Each structure stands twice: as C-alpha cells, then as structure tokens.
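Trainee: Letter by letter, the chains look like this.
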Amino acid sequence: MALLPASTGWTFEILPVSQEVQLAVGNAAEVGYVFHNDAEKKRNIEISVVEWRSYAWNREKGIKIEQWFPAENLRCLEIEPGEKKKVTFKVNVPRTARGELAGMIYFSDTDPSQQYKIKFGVSLYIRVSGTVETDVGLSEVGGSREPDKAVQGENLKFWVKVLNRGNVHLRPTISASVESREGVFEIPFKYGTPVFPGEQVVFPGEVAPGKRLPPGEYKMTVRLKEPGLRKDFVQTGVLRVTKDAMRFSNQGIRDGR
Amino acid sequence: MKRIRSALNRKKRTFFFLSGMILSLSAPGWAAFNLTVVPKNISDNMTAAQVSWSSVTPTWKEADQYLAINYFSDQVGWGVQIYTDNHNAGANPRYTGSTSSGDEGAGLVGNTNTALYAPMGWTAQADTATARPSILSDGAGVLISGKGYAYFKDKMQTAGLYPFVSGEDYITLVNSFGLATNKPTWRVAAFSPIYVYLIANFMGKPNQAYGTNQLTVELYHQ
Numbered sequence: 033m034a035l036l037p038a039s040t041g042w043t044f045e046i047l048p049v050s051q052e053v054q055l056a057v058g059n060a061a062e063v064g065y066v067f068h069n070d071a072e073k074k075r076n077i078e079i080s081v082v083e084w085r086s087y088a089w090n091r092e093k094g095i096k097i098e099q100w101f102p103a104e105n106l107r108c109l110e111i112e113p114g115e116k117k118k119v120t121f122k123v124n125v126p127r128t129a130r131g132e133l134a135g136m137i138y139f140s141d142t143d144p145s146q147q148y149k150i151k152f153g154v155s156l157y158i159r160v161s162g163t164v165e166t167d168v169g170l171s172e173v174g175g176s177r178e179p180d181k182a183v184q185g186e187n188l189k190f191w192v193k194v195l196n197r198g199n200v201h202l203r204p205t206i207s208a209s210v211e212s213r214e215g216v217f218e219i220p221f222k223y224g225t226p227v228f229p230g231e232q233v234v235f236p237g238e239v240a241p242g243k244r245l246p247p248g249e250y251k252m253t254v255r256l257k258e259p260g261l262r263k264d265f266v267q268t269g270v271l272r273v274t275k276d277a278m279r280f281s282n283q284g285i286r287d288g289r
Numbered sequence: 003m004k005r006i007r008s009a010l011n012r013k014k015r016t017f018f019f020l021s022g023m024i025l026s027l028s029a030p031g032w033a034a035f036n037l038t039v040v041p042k043n044i045s046d047n048m049t050a051a052q053v054s055w056s057s058v059t060p061t062w063k064e065a066d067q068y069l070a071i072n073y074f075s076d077q078v079g080w081g082v083q084i085y086t087d088n089h090n091a092g093a094n095p096r097y098t099g100s101t102s103s104g105d106e107g108a109g110l111v112g113n114t115n116t117a118l119y120a121p122m123g124w125t126a127q128a129d130t131a132t133a134r135p136s137i138l139s140d141g142a143g144v145l146i147s148g149k150g151y152a153y154f155k156d157k158m159q160t161a162g163l164y165p166f167v168s169g170e171d172y173i174t175l176v177n178s179f180g181l182a183t184n185k186p187t188w189r190v191a192a193f194s195p196i197y198v199y200l201i202a203n204f205m206g207k208p209n210q211a212y213g214t215n216q217l218t219v220e221l222y223h224q
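These protein sequence lines are chains A and B, in that order.
With the numbering used here applied, the first sequence covers 33 to 289.
With the numbering used here applied, the second sequence covers 3 to 224.
Only chain A is shown next, with the shape it has when bound in the complex (with noise of 0.2 Å):
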C-alpha cells in the first residue's frame, strides 16, 4: 500500500499579487506586501522564495535569486485573526545583470495539520534601467473548425503564437477579427499569460458556437497590444477556409518594438 496524507487549504488575501519595479544596476529598493489574515486563527507564515523563469543573460552571467533577493528577506509571521501586516523585502540589482530579474514570493502555511503542502505565490519583477529590449513577435495564426452536434453546427477555434525576443517578460493583449459576408466578426482571446523572453506562448481564441464561416477567403486582421510596445501591432492577411481546415496566409515572424 501507498499512502499520500489527508486535506489541507486555506484562505487569505494580500495587496498586490505582482509588481514590477525598475531600478538601475548596483542600487537598491525595499519592496512591500500587505497581508491580511482572515481567519478566525492566527497563522504562522513561512516566506520562501525562487527564481521564475530563467533569462538567459543573466542566467550565462551566474546570477543566482539570493544575489538579489537576500536571505534576510526569508522568514517567518505570525498574524493574528483579522491583523493586516506590512512585510517589506529588500532587493538590489547585481552589476552585471540585464533585462529583468524575475522572483515568485511564496507564502504558506506552518501549521502542521496542513499535511499537503499549499502555498501562494506573488510575482516581483525588477527592471534594469538603461537595459530592457522589448522585441516580440506574432510566429504563427491560425485556426480549425470542429463540428459540433450540440449547436446544430461547429466550433471556430483560432490561435495566435506571439514569441518574445526580448529580455523583460510581456503581456500582450490578441484581437483579431474576419471580415465575412454577414459583417465582422471579432474573435476574443485569453489573456493574462505572460510571454517570458525565449518563450512561445499560444493564445487560443474561440467563437460563440454556431458560428458560421463558409469555405472561401476572408479578410483577417490580428492586432497585439502590449504596454511595452510604442505602438499596436497589426498583422492583416488571406483566412483561407476549406471544408476541414483554417489556413491564415500571412505567416512568419513579424517584428514589433
């Protein structure tokens, strides 16, 4: 027999869940969390953290979490029922490093009867003044069509790769939409995702069902919005439909800066 312990969860809330703050090399900042405990009971909370993702400069450079994190900033609280609590953190930016330093700060619980181990985590990100390169690009459209009994019809799914070639990590914002007969239609996408610099990221975009998108050639129009970026992207092309497949013609890597 094997055996994996029994429930554990909790709940809590805390201000913000992600910051990104920009510092130049050598300097340093204090960062800060507010934590509000909830719970009828006090709660002892351990404060870890690691490395999210890995940014090749700085990665090939050595730079390791406790260059910029330190050691220091790993301890323990204690809340008590209803306590909101300041916890502040020091940071600093290595000389070598470039791009962005990116953390995830993770809060759990001590309590020993939480025998899964749960935690929560909060992202910091920390921008190195004079060094960031925003460089991404949309890599791949496309789309496929899959009949689907219930709506009498089919389900239009699409898909956008955006590929970042830059060293801080983006958020873009997809829309695109198909010029038809019956109008234009917009095709909404997820969101939220962050693309992190090396990475290919697929955002899907899914059509109300019943949706309806005869064989033939369409107007298609994808736009990328990112913060980042001096202006939007736009990348318009041929959405070619046949009986079975969704072909958008305007493919390969486009830059936007």
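Just so you know, these hints were derived from the structure itself, not from any lab.
Because the structure is a prediction, the values reported are computed rather than measured.
The beta-carbon is built from N, C-alpha and C at its ideal position, and this holds for glycine as well.
Possibly wrong hints are sitting among the right ones.
As a list, the in silico BS3-like pairs of lysine-lysine whose alpha-carbon atoms are at most 27 Å apart [stated by the list, open to error]: (1) B/LYS149 to A/LYS193; (2) A/LYS73 to A/LYS117; (3) A/LYS74 to A/LYS116; (4) B/LYS185 to B/LYS157; (5) A/LYS96 to B/LYS157; (6) B/LYS157 to A/LYS122; (7) A/LYS222 to B/LYS149; (8) B/LYS63 to A/LYS243; (9) A/LYS251 to A/LYS275; (10) A/LYS189 to A/LYS96; (11) B/LYS149 to B/LYS63; (12) A/LYS257 to A/LYS193; (13) A/LYS151 to B/LYS157; (14) A/LYS222 to A/LYS263; (15) A/LYS222 to B/LYS185; (16) A/LYS96 to A/LYS151; (17) A/LYS122 to A/LYS93; (18) A/LYS189 to A/LYS222; (19) A/LYS193 to A/LYS151; (20) B/LYS185 to A/LYS189; (21) B/LYS185 to A/LYS275; (22) B/LYS42 to B/LYS157; (23) B/LYS207 to B/LYS63; (24) A/LYS193 to A/LYS222; (25) B/LYS149 to B/LYS185; (26) A/LYS122 to A/LYS151; (27) A/LYS189 to A/LYS243; (28) A/LYS118 to A/LYS73; (29) A/LYS193 to B/LYS185; (30) A/LYS151 to B/LYS207; (31) A/LYS96 to A/LYS122; (32) A/LYS222 to A/LYS257; (33) A/LYS189 to B/LYS149; (34) A/LYS189 to A/LYS257; (35) A/LYS93 to B/LYS207; (36) A/LYS222 to A/LYS243.
Residues on chain B that point at chain A, a partial pick, calculated with CB under 10 Å [stated by the list, open to error]: (37) THR38; (38) VAL39; (39) PRO41; (40) LEU69.
Following the hints, position chain B against chain A.
Mentor: Using the frame of chain A, we list chain B on its own:
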C-alpha cells in the same frame, strides 16, 4: 461566497510600500485567494483520510482516491501547479536515490529503501462523471505522451531533458486558459473545483511501503 463578496467590496482600498519606482501593480486593491485540496474516494466520492493505492500490481495503478482541488483567484496571470519536493529536508520519507537521471524522486518514495521511488502521473478533469483516459505505456512502463497523463516532476529535478521549471505548462493543472488535458489539444474550460486523479508505476519496485508528504499544490500569480 460571502468571503469573496467581502473581498471585492474592499477593492477600492490601495496601499503602496515601495522606495523604488513602481512600474505597475497587477491589481488596484485586495486580492483574495483560496486553495484547498481534499482527497475523496473514487468509489463513493466521500471525503477520505488520505490517498492510497490498494491491490498494487507491478504496473501503473490508479489511486483509490482523487484530489478535489478548490481554487479562487480574481487576478490575471494565475495558475495552479502540482509537483513533489521529495528532496526537501522535511520530506518523510526523504528521497536519497539517484539525482542524475532527470526524473529523480518524482513520486512515491520508499519508506525503507528511500533510494527507490514509484513515479507518479496525473490527469485532471472538470467533473467526476467523465471517464478517465486509459493509462497507456510502453513495454518499459514509460507513459505514452499526449494520451491524457503527465508525469509528476520533482522540484529538485534539474538534470536531463525535462528539468523542473516553475510555472511551466506541463505541471500547471489549471490557469486562465483552462484545464490541462495532457493531450495535443487545447486546455478546456473548467471551474473550481477540479479533480485530479493520480497514478503510480510499481513496475520493478520491491515490496515495501511507498509515500510522500511533499505533494505540493501552488496557486501562483506570474
């Protein structure tokens, strides 16, 4: 629900504690999270004391219980990931075996011979009524990828082709894009709770008790 409403009502409040320059904050007010993990019997959906494997055979075997995972976050960039941390000082049993293979210790660790472990896998579902995928593996017991089950990773898994990477899609059960399918298809829509079914491979494992107290579930905000 009362707790959630209460949190949302306080959203107008703002706090700033920073001596550097803030570029952005993800939320203008309080962010409320919760995360609970409850083992339940597959047989009757009743809450169980623990997850266990009975009538173990020398192959992949599904646990007698699943994990009902309740989660809530009102923030963008959230995800729930799952892994083991069997090299941790608090692990009991603590894995002491090979660390060179690239999949070291990600599963149930032997209580007596702690250098051995039974690899674990998982599949996630939006409900308990849908049939789980068949467990497909090759003759050596290697799970066939893209068929509904993913291997567990261990936090210390840094070597090999598949190192542990926090926040990677492979270990993320659910995020704002949906629930993992472990298939070459998109994530599917799901709402809390989700249901995670665990499997372990006992092929070639000597007779001893196996377990872990380091199964970790994280709600992160990236």
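Trainee: Identify whether the interface hint at B/PRO41 stands, where standing means a beta carbon of chain A within less than 10 Å of its own.
Mentor: OK, holds: B/PRO41 within 10 Å of chain A, min 6 Å.
Trainee: Between A/LYS189 and A/LYS222, does the CA-CA distance stay at or below 27 Å?
Mentor: holds, 12 Å
Trainee: For a C-alpha distance cap of 27 Å, please report whether A/LYS222 and A/LYS257 respect it.
Mentor: holds, 13 Å
Trainee: Against the 27 Å threshold, does the CA-CA distance of A/LYS189 and A/LYS257 hold or violate the hint?
Mentor: Holds - the C-alpha atoms of A/LYS257 and A/LYS189 are around 21 Å apart, at most 27 Å.
Trainee: Is the straight-line distance between the alpha-carbon of B/LYS42 and that of B/LYS157 27 Å or less?
Mentor: holds, 26 Å
Trainee: Are the Cα positions of A/LYS93 and B/LYS207 separated by 27 Å at most?
Mentor: violated, 42 Å
Trainee: CA of A/LYS189 to CA of A/LYS243, is that 27 Å or under?
Mentor: holds, 11 Å
Trainee: Check the hint pairing A/LYS193 with B/LYS185 against an upper bound of 27 Å on the C-alpha distance.
Mentor: Satisfied, since the Cα-Cα distance of roughly 18 Å is no more than 27 Å.
Trainee: If you draw a straight line from the CA of B/LYS157 to the CA of A/LYS122, is it 27 Å or shorter?
Mentor: holds, 26 Å
Trainee: Is the Cα-Cα distance between A/LYS251 and A/LYS275 27 Å or less?
Mentor: Judged against 27 Å, a Cα distance of about 18 Å means the pair holds.
Trainee: Measure nothing beyond the straight line between the CA atoms of A/LYS122 and A/LYS93; if it is 27 Å or shorter, mark the hint as holding.
Mentor: Since the Cα atoms of A/LYS122 and A/LYS93 sit roughly 22 Å apart, the hinted pair holds (cutoff 27 Å).
Trainee: Please work out if B/LYS149 and B/LYS185 have their alpha carbons no farther apart than 27 Å.
Mentor: Judged against 27 Å, a Cα distance of about 5 Å means the pair holds.
The structure is inconsistent with the numbered hints 8, 10, 19, 30 and 35, although it conforms to all the rest.
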